[in-house]
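Participant: Heads up: the protein sequence lines correspond to chains A, B and C, in order.
Each residue of the first sequence is one higher than the last, beginning at 1 in this note's numbering.
Each residue of the second sequence is one higher than the last, beginning at 269 in this note's numbering.
Each residue of the third sequence is one higher than the last, beginning at 537 in this note's numbering.
Please note that a few of the clues may not be correct.
Selected chain B positions facing chain C (in silico; Cβ < 8 Å) [to be verified]:
hint: 1; residue: A316
hint: 2; residue: P326
hint: 3; residue: M328
hint: 4; residue: T331
hint: 5; residue: A333
hint: 6; residue: V337
hint: 7; residue: L341
hint: 8; residue: V366
hint: 9; residue: V368
hint: 10; residue: V395
hint: 11; residue: Q437
hint: 12; residue: T518
hint: 13; residue: H526
hint: 14; residue: D529
hint: 15; residue: D532
hint: 16; residue: G535
It should be emphasised that the hints constitute simulated quantities derived from the structure, not laboratory data.
It should be emphasised that the depicted structure is a prediction, and the values quoted were computed from it without experimental measurement.
All residues carry an ideal CB built from backbone N, CA and C; glycine is no exception.
Listed below are the residues making up each chain.
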Amino acid sequence: MSAQRPGPSTAPSADPALAPVAPVLAAVREQAPLVHCLTATVSMAIVADGLLAAGARPMMTETAAEAPVVTTLADALSINLGTLSTDAMDGIPATVEVAVRDGRPWVLDPTAIGIAPVRTPLARQLVESRPTVVRGNASELLALAGTGPGGRGADSTDTADAAADAAAQVARRTGGAVAVSGAVDLVLDARRQARVDRGSELLPRVTGTGCLLGALTAACTAVHPDPFEAALAATVWLDLAGEAAAARATGPGSFRMHLLDALDAVGR
Amino acid sequence: MSAQRPGPSTAPSADPALAPVAPVLAAVREQAPLVHCLTATVSMAIVADGLLAAGARPMMTETAAEAPVVTTLADALSINLGTLSTDAMDGIPATVEVAVRDGRPWVLDPTAIGIAPVRTPLARQLVESRPTVVRGNASELLALAGTGPGGRGADSTDTADAAADAAAQVARRTGGAVAVSGAVDLVLDARRQARVDRGSELLPRVTGTGCLLGALTAACTAVHPDPFEAALAATVWLDLAGEAAAARATGPGSFRMHLLDALDAVGR
Amino acid sequence: MSAQRPGPSTAPSADPALAPVAPVLAAVREQAPLVHCLTATVSMAIVADGLLAAGARPMMTETAAEAPVVTTLADALSINLGTLSTDAMDGIPATVEVAVRDGRPWVLDPTAIGIAPVRTPLARQLVESRPTVVRGNASELLALAGTGPGGRGADSTDTADAAADAAAQVARRTGGAVAVSGAVDLVLDARRQARVDRGSELLPRVTGTGCLLGALTAACTAVHPDPFEAALAATVWLDLAGEAAAARATGPGSFRMHLLDALDAVGR
Chain A
1 MSAQRPGPST
11 APSADPALAP
21 VAPVLAAVRE
31 QAPLVHCLTA
41 TVSMAIVADG
51 LLAAGARPMM
61 TETAAEAPVV
71 TTLADALSIN
81 LGTLSTDAMD
91 GIPATVEVAV
101 RDGRPWVLDP
111 TAIGIAPVRT
121 PLARQLVESR
131 PTVVRGNASE
141 LLALAGTGPG
151 GRGADSTDTA
161 DAAADAAAQV
171 ARRTGGAVAV
181 SGAVDLVLDA
191 RRQARVDRGS
201 ELLPRVTGTG
211 CLLGALTAAC
221 TAVHPDPFEA
231 ALAATVWLDL
241 AGEAAAARAT
251 GPGSFRMHLL
261 DALDAVGR
Chain B
269 MSAQRPGPST
279 APSADPALAP
289 VAPVLAAVRE
299 QAPLVHCLTA
309 TVSMAIVADG
319 LLAAGARPMM
329 TETAAEAPVV
339 TTLADALSIN
349 LGTLSTDAMD
359 GIPATVEVAV
369 RDGRPWVLDP
379 TAIGIAPVRT
389 PLARQLVESR
399 PTVVRGNASE
409 LLALAGTGPG
419 GRGADSTDTA
429 DAAADAAAQV
439 ARRTGGAVAV
449 SGAVDLVLDA
459 RRQARVDRGS
469 ELLPRVTGTG
479 CLLGALTAAC
489 TAVHPDPFEA
499 ALAATVWLDL
509 AGEAAAARAT
519 GPGSFRMHLL
529 DALDAVGR
Chain C
537 MSAQRPGPST
547 APSADPALAP
557 VAPVLAAVRE
567 QAPLVHCLTA
577 TVSMAIVADG
587 LLAAGARPMM
597 TETAAEAPVV
607 TTLADALSIN
617 LGTLSTDAMD
627 GIPATVEVAV
637 RDGRPWVLDP
647 TAIGIAPVRT
657 PLARQLVESR
667 PTVVRGNASE
677 LLALAGTGPG
687 GRGADSTDTA
697 DAAADAAAQV
707 ARRTGGAVAV
717 SGAVDLVLDA
727 RRQARVDRGS
737 ELLPRVTGTG
747 CLLGALTAAC
757 TAVHPDPFEA
767 ALAATVWLDL
777 AGEAAAARAT
787 GPGSFRMHLL
797 DALDAVGR
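Whenever a hint applies, use it, and build me the whole structure from the sequences.
Facilitator: Quick look at the structure:
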């Protein structure tokens, strides 16, 4: 399965990449799932605004005192190791436990693992709780599978294809889907694999677009029972929004604004 | 008292809703009050940028080690239970105590109370310190008064009118004003009540606009001695800015940008 | 040395203030330095987005458990006392120690020191570790040198020129450069002094532009060995971007967006 960029004459609504995932987008917009996000402090606003633009609803409590309780209200959970505050460090394990107990879908985003001494073992431990979807860049997937040193910060020094084996190995362990973000994105589970050659070079020029993809993936898992299709829908959604935004942007600042507008507009 | 949407031919500067509150807006712009905000991490930037756009000045320290001391510099205090970090949990009670001791106006925004086990009793306890204004959505006011279960996350599942009795009950306890945000906003104190049927459906599509309203209310209480009029001014200010932004926006991302521009422009 | 505003007919690329610092901007864009930032929570997003727009790469872990380890990956470190969470309070000293040990350039931004009881002594203690550049407003520099009470919040109640002696005193202690931001900016070290009369009145109307200047300064120190020239380059970069943004903006919201676009565009 492969999504290629259409010719310039194709209307956005007729984009061939959109058709297979359009029902997932429509379900998010109709059901407005409540997504509990424990995410990097730096990306909280774009994650929340991106979820709202997509039609979902964010919730962001992260302390051990409150996060496990309020996650019982959520339709899905998104765990991003981002800046990993002490509050998040303490709150994440217990919150995941509640989501697993209640059978809620959840997404793990092992941001910036590698040499970081707390998040790296934490991410590997969370894989044992079998996240519905794992989303990361290639370096993070390689580090998660134990076959690479990780990237520098939130960057990836590897391509998504280079992490295909590591991603497949993680998917075998979780029984769910894995999405590897990059210039070409890779989404896979035990049986299927899709390459998505869409998006914009401006996406990594805005902080938190990867974190947003993780949360958007959680929103899609809340409304669609197939983790692979949910992860693919989120990836295509953000990529198409990125293309629409890039067509209007005059730089990374305006791209960020248009991206949020486009998340709302894609496929309508 | 009731503010209705004017016809499309009315110039913004002549908006009839603006006249009664224009002196409060002018005073904020002239006095540039320093507003100490302990607010949700996710909304810090829009709160700070919104205050700056309105002509006020934000300050955001929240630890117990520093917040009570630096709040002595502030002209007003805004307490929002938002993401409620451990730092904020620890810092809020002592900071409120200093504001009360010094006779500074302060606003309580009981964000997302209901089932959350720390913030819900904390909000009720803070009401005993008699906030100048309580600002929340209907579900939060119902939960604060003990007559409703709260919403899901920062959403309200009730209309402002449905919370009128709860809001009046809270106002009797505090002796101040209460503002209930919704499609129609309600502002009241022991003697007066105003319905504000203005604003934009895009306001709840941007994270932190409610938090911003709480902080803007604090800015207004810093320059105007009547809590009811200050709360009403802030509500009208944000609603009119929201309408002006909606007229220019092509989605929630551009709406957020235009909202900040409009907070600066309304009534000038 | 002094940079004056050129006439309106001058093309941005021919701006005379740009020529001396253009090689530094080019080096940031080419080398994409990884800048580890421990910064105010409220300004994290604009700092990260600003670094990305400028061509650098941000990293934002701040706990004592992880920050000292991951800073070994960074090309420069930016320490901003901003909201100073407990995590940052704990993480900053050990992280600075690693940067000093490894000979990495680092920037100290003593935000809002004055009466704040933790950050004020911490800032003075960090000066002893000889930051490559200290960047602050006039009130902060006066408080750092022990000759002024500090400002109110992140504001300065003094002009940069009024802090010239204090800045020179700090520079003598660190052996590095000091940048004092204001309507006119001052950059100096033990031997040189530059006044930069550029920028826009809208810069202080957006939260975190000062924090961004500190981080941008760190990015410049990562690619240029002379702290004075690196600090001057960052100051001119932000000021020229501010002028370009102001020419397009219709208020502080749109200014923020155009500022990020302009950081990407200046001098290209």
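Participant: Are the hints correct? Go through all of them and say.
Facilitator: Outcome of the hint check:
Hint status for A316/B: holds, given a least beta-carbon distance of 4 Å to chain C, under 8 Å. Interface restraint check: P326/B against chain C, minimum CB-CB distance 7 Å, threshold 8 Å, status holds. Taking 8 Å as the C-beta cut-off, the interface hint given for M328/B holds, the closest approach to chain C being about 5 Å. The interface hint given for T331/B is met, as the beta carbon of that residue sits about 6 Å from the closest beta carbon of chain C, less than 8 Å.
A hinted interface residue such as A333/B counts as satisfied when its beta carbon comes closer than 8 Å to some beta carbon of chain C; here the least separation is about 5 Å, so the hint holds. A distance limit of 8 Å between C-beta atoms decides the matter here; for V337/B the minimum to chain C is near 6 Å, and the interface restraint holds. Annotation: interface hint on L341/B holds; nearest CB of chain C at approximately 5 Å, less than 8 Å. Residue-level restraint check for V366/B is violated (minimum Cβ-Cβ distance to chain C is 13 Å; threshold 8 Å).
Evaluation of the V368/B hint against chain C yields a violated restraint, the C-beta minimum of about 19 Å exceeding 8 Å. About 26 Å separates the beta-carbon of V395/B from the nearest beta-carbon of chain C, more than 8 Å, and the hint is not met. Given hint, Q437/B at the interface with chain C, is violated; its Cβ is 34 Å from that chain's nearest Cβ, farther than 8 Å. Hint on T518/B is violated. Least Cβ distance to chain C is approximately 14 Å, over the 8 Å limit.
At about 6 Å, the closest approach between the beta carbon of H526/B and any beta carbon in chain C falls short of 8 Å, and the interface hint on this residue holds. Among the interface hints, the one on D529/B holds; its C-beta lies about 3 Å from the nearest C-beta in chain C, closer than the 8 Å criterion. Hint status for D532/B relative to chain C: holds, with the closest Cβ pair at about 5 Å, below 8 Å. Given hint, G535/B at the interface with chain C, is violated; its Cβ is 13 Å from that chain's nearest Cβ, farther than 8 Å.
Taken one by one, the earlier hints fail for this structure at numbers 8, 9, 10, 11, 12, 16, listed in ascending order.
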